[in-house]
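There are 2 protein chains.
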Amino acid sequence: MLNFTVGPVMSHPDIIEVANHSTPYFRTPEFSEVMKENEQLMLEFLHAPERSRCVFLTSSGTGAMESLVMNVLNDQDQVIVINGGSFGHRFVELCELHKRKFTEVKCEFGKQLRQEQLAGLENHTALLVNMHETSTGVLYDMSMIAEFCKKNCILLLVDAISAFIADELDMAELGAAAVITGSQKALAVQPGISVVALAPVALERVEKNEEVCMYLSLKQALLNGVRGQTPFTPAVTTLLQINARLKSIKKVGGVEAERKVIAKIAEEFRNSIKDLPFEFISETPSNAVTALHPINVGAKEIIRILKDEYQIWGCPNGGEMADLVFRIGHIGYITNVDLHKLIDALHDMGKRGLL
Amino acid sequence: MLNFTVGPVMSHPDIIEVANHSTPYFRTPEFSEVMKENEQLMLEFLHAPERSRCVFLTSSGTGAMESLVMNVLNDQDQVIVINGGSFGHRFVELCELHKRKFTEVKCEFGKQLRQEQLAGLENHTALLVNMHETSTGVLYDMSMIAEFCKKNCILLLVDAISAFIADELDMAELGAAAVITGSQKALAVQPGISVVALAPVALERVEKNEEVCMYLSLKQALLNGVRGQTPFTPAVTTLLQINARLKSIKKVGGVEAERKVIAKIAEEFRNSIKDLPFEFISETPSNAVTALHPINVGAKEIIRILKDEYQIWGCPNGGEMADLVFRIGHIGYITNVDLHKLIDALHDMGKRGLL
Numbered sequence: 026m027l028n029f030t031v032g033p034v035m036s037h038p039d040i041i042e043v044a045n046h047s048t049p050y051f052r053t054p055e056f057s058e059v060m061k062e063n064e065q066l067m068l069e070f071l072h073a074p075e076r077s078r079c080v081f082l083t084s085s086g087t088g089a090m091e092s093l094v095m096n097v098l099n100d101q102d103q104v105i106v107i108n109g110g111s112f113g114h115r116f117v118e119l120c121e122l123h124k125r126k127f128t129e130v131k132c133e134f135g136k137q138l139r140q141e142q143l144a145g146l147e148n149h150t151a152l153l154v155n156m157h158e159t160s161t162g163v164l165y166d167m168s169m170i171a172e173f174c175k176k177n178c179i180l181l182l183v184d185a186i187s188a189f190i191a192d193e194l195d196m197a198e199l200g201a202a203a204v205i206t207g208s209q210k211a212l213a214v215q216p217g218i219s220v221v222a223l224a225p226v227a228l229e230r231v232e233k234n235e236e237v238c239m240y241l242s243l244k245q246a247l248l249n250g251v252r253g254q255t256p257f258t259p260a261v262t263t264l265l266q267i268n269a270r271l272k273s274i275k276k277v278g279g280v281e282a283e284r285k286v287i288a289k290i291a292e293e294f295r296n297s298i299k300d301l302p303f304e305f306i307s308e309t310p311s312n313a314v315t316a317l318h319p320i321n322v323g324a325k326e327i328i329r330i331l332k333d334e335y336q337i338w339g340c341p342n343g344g345e346m347a348d349l350v351f352r353i354g355h356i357g358y359i360t361n362v363d364l365h366k367l368i369d370a371l372h373d374m375g376k377r378g379l380l
Numbered sequence: 026m027l028n029f030t031v032g033p034v035m036s037h038p039d040i041i042e043v044a045n046h047s048t049p050y051f052r053t054p055e056f057s058e059v060m061k062e063n064e065q066l067m068l069e070f071l072h073a074p075e076r077s078r079c080v081f082l083t084s085s086g087t088g089a090m091e092s093l094v095m096n097v098l099n100d101q102d103q104v105i106v107i108n109g110g111s112f113g114h115r116f117v118e119l120c121e122l123h124k125r126k127f128t129e130v131k132c133e134f135g136k137q138l139r140q141e142q143l144a145g146l147e148n149h150t151a152l153l154v155n156m157h158e159t160s161t162g163v164l165y166d167m168s169m170i171a172e173f174c175k176k177n178c179i180l181l182l183v184d185a186i187s188a189f190i191a192d193e194l195d196m197a198e199l200g201a202a203a204v205i206t207g208s209q210k211a212l213a214v215q216p217g218i219s220v221v222a223l224a225p226v227a228l229e230r231v232e233k234n235e236e237v238c239m240y241l242s243l244k245q246a247l248l249n250g251v252r253g254q255t256p257f258t259p260a261v262t263t264l265l266q267i268n269a270r271l272k273s274i275k276k277v278g279g280v281e282a283e284r285k286v287i288a289k290i291a292e293e294f295r296n297s298i299k300d301l302p303f304e305f306i307s308e309t310p311s312n313a314v315t316a317l318h319p320i321n322v323g324a325k326e327i328i329r330i331l332k333d334e335y336q337i338w339g340c341p342n343g344g345e346m347a348d349l350v351f352r353i354g355h356i357g358y359i360t361n362v363d364l365h366k367l368i369d370a371l372h373d374m375g376k377r378g379l380l
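Protein sequence lines correspond, in order, to chains A and B. The first sequence begins at 26 in the numbering used here and counts up one residue at a time. The second sequence begins at 26 in the numbering used here and counts up one residue at a time.
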C-alpha cells in the first residue's frame, strides 16, 4: 500500500531498519546519549532560543497539546484559542476540561485568520494555535500572530504537529514559548512519541505551576531529561527512529533542505490535479497536505476506491466534513514514482467517470 | 546484546518482522478489525467476566495506573494502597496527586502482604495493588487480597503490568474490577502501549465519574473502541505487534502454556545460581523476575560488568536500592542458549572474583 495520509506516513528504509530489532534496554548511559542528542537536534531544527529545553512524551500529539494546557497555562491565564477545524476545536475542549479562561477565535473552514479577528483581545495572556490546522490544510499567518503576541506580551504556544519540517518555523523569531510536534508526521517514524519544546519563559511556568497529571507532567519529563532519561518507560524504538531521522536530516543539510523536498512534492501534486473536479479548500495551504473538496462525488467513496482499487491510502476527514473533504499528505518518504502512481490513479478515476 | 531486564524485553523474530515496515494508516476497517481482535483476545486471556471491555492507551504502564486513579476512583472513595516498593509508592503518589482519600499499607522490601495488615480496613471502598511489585519481585497473595475485597465489597484494581502471562491471573475468579498491563513486559513487543481491562462494575464508574484528563480518558477510549478505534493516533505498529503476539499465544495453547515456559526459565535460573553469593530478595517471587542482593559487592557494578564485558543487560534497581539489588527478568523471547549464556556469565564473574 502507498500511504498519502498525514500520519502515520511512509518511512525511509533506513528508519524502518531501526525497528527491525528487539527494543534495547534504556536505563543505560548509551540510551541517555541518544536522548540528549535528540533534544539538542530538535532544538536546533526548531531554532529554539538559548536555554530552551525539549522533552519527548510517549503519547499522541493530543497528549502534548494537553500537556501545554495543563503545565504551561494556569487558571490565572486569559487564553486566546484559534479554532479553524478539528484541532483548534480540541484546544477549546482542553481549555474547557482544565477550566482555563479562554476566548475562542473561530476561522471559517479553510480560511486564514485575519488580524482584525484578534482586535480587542490584547489583554489576554496566552494564545494557542495549531500552526497548520491539519483538518483543513490551513497554514496560519504565524508572522502576524507572533507580532500580535509580542506587542501584547502574550505567551505564544504553537502546535506544529503537522507543520514541523514541512513549513517554515523559527521558534526564536516567532518568540514562541512552546512548540509541539509528533513522531508520525514529517519526522516520518512510527507514531507514539510527541515532542514538546519549551523556551525559558515556558520552563519558568512549568516550574511554578501545580502538577495536575503525573503521566503528562512536563516538570518530571524535564527533570529526567537532564540525565537523558524519561520518568517512565518510553517508546524506546520510536525514539531510536527519531534519532536516526534527525541525524539524517542534519546530514542532508538540515530541516530547510528537507522542507524543500516536501514543498516540491506538494507543488507538483497540486499542479498535476488542477484539471480534476476538486476545489482546493485551504486559502493558504501548508506544504504538508492538500485538502480537497470533490465537486461531483462523495469524499468517502474516493478514499475507499483509492484504497481498494489502487492500493493507496488517502486521508479521510472526520465529523461533518467526512463526505465533503479528503486530504492528500505530502510528508514522509514519498518517491517520485510513488507520487506519480497517486496522480495517475486520480486521473484514471476521472477517466472512469468516478470523479 | 542479550536482554534479561523486565522490559523492554527480547521479542520473537516474527514479532520484530511486524515492525519491519512503514506504519500503515489506521482509520480503516482493516485496522478496526485488528483492534477488536486485540480486545477480545486480551479479555479471553485475562479470564475477564462477561461484558468486560479492554482498551489500549498509547502510554507507559504509569499512564494506565493513573487512568485507573483518575477514571475509576473518585473523591468519595476510601482507597487501600498496598505499597511494597517503587510501584506501590507510585500508586501512593497518584492518589495524593488526584486527592483520593487513601490508607497506605506498607510491606517491607521483599516481604509478602499478610492478612492481618488489612484488618481494620474493611470500611474502605477500593484497593490498589501491583500484583507483582516489579521492583522487589514480590508476587502478592492475590487470593487472600481478593477474598478480603469480596467479603467487604471493596473494588479490586490490579496492576498486572509485569504479572500478566507470567503469573496466574483470573480476573473473574479474583473478582477484579480492573486489570492493567503493558506491551513491553511478557507481551514482549515494543514499549508504548498499556492495556486497561475493565469489568462491568468499573465500566459503570468510568461512565459516571467526571473526566479529568482528555488523553487518559477511559470514557473516550471505550467509546472509540466500540468501532475498533482510538480517540487519538495510537502507536499503531506496537498494536499490530500485540495482535501478532496474542494470536501466537492462542496458537500455542493460550496464556497458560506461555506461563509454563516463563516459570521453567525462572526455575532453571534460580536453581543454577544457588551457589553464588546472592540473597534472594522476594519471599514469594513472581515468575517474571528474580531480585537478588549481592552479598559481597555492589549491584551497580554487576550490571555494568554484565553489560560491558558479557553483552548482557540485567535490570538495575532505582533509588536507595540501586547498589543493593539487581534483577534478572524471565520474560520475553529467551532461548535456552541465551539463558545459559547468562548463567555462565554470572558463574564466570564468580570465578574471576567479581562477586
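Fair warning: there could be bad hints in the mix.
Which copy is meant is left open, so a pair is good if it fits within one copy or across any two.
[Unchecked claim] Simulated crosslink set (BS3-like; lysine-lysine; CA at most 27 Å straight-line):
no., residue 1, residue 2
1, K61, K332
2, K332, K272
3, K366, K136
4, K244, K124
5, K325, K61
6, K285, K244
7, K136, K176
8, K136, K289
9, K299, K176
10, K272, K175
11, K233, K126
12, K376, K285
13, K376, K275
14, K325, K233
15, K299, K376
16, K275, K136
17, K126, K244
18, K124, K332
19, K131, K366
20, K124, K233
21, K272, K126
22, K285, K366
23, K289, K332
Calculated directly from the structure, the hints in this document are not laboratory data.
Next item on the list: Check each numbered hint against the structure and report the violated ones by number, ascending.
Entry: When the structure is compared with the hints, numbers 3, 6, 9, 10, 12, 13, 14, 16, 18, 19, 21 turn out to be violated.
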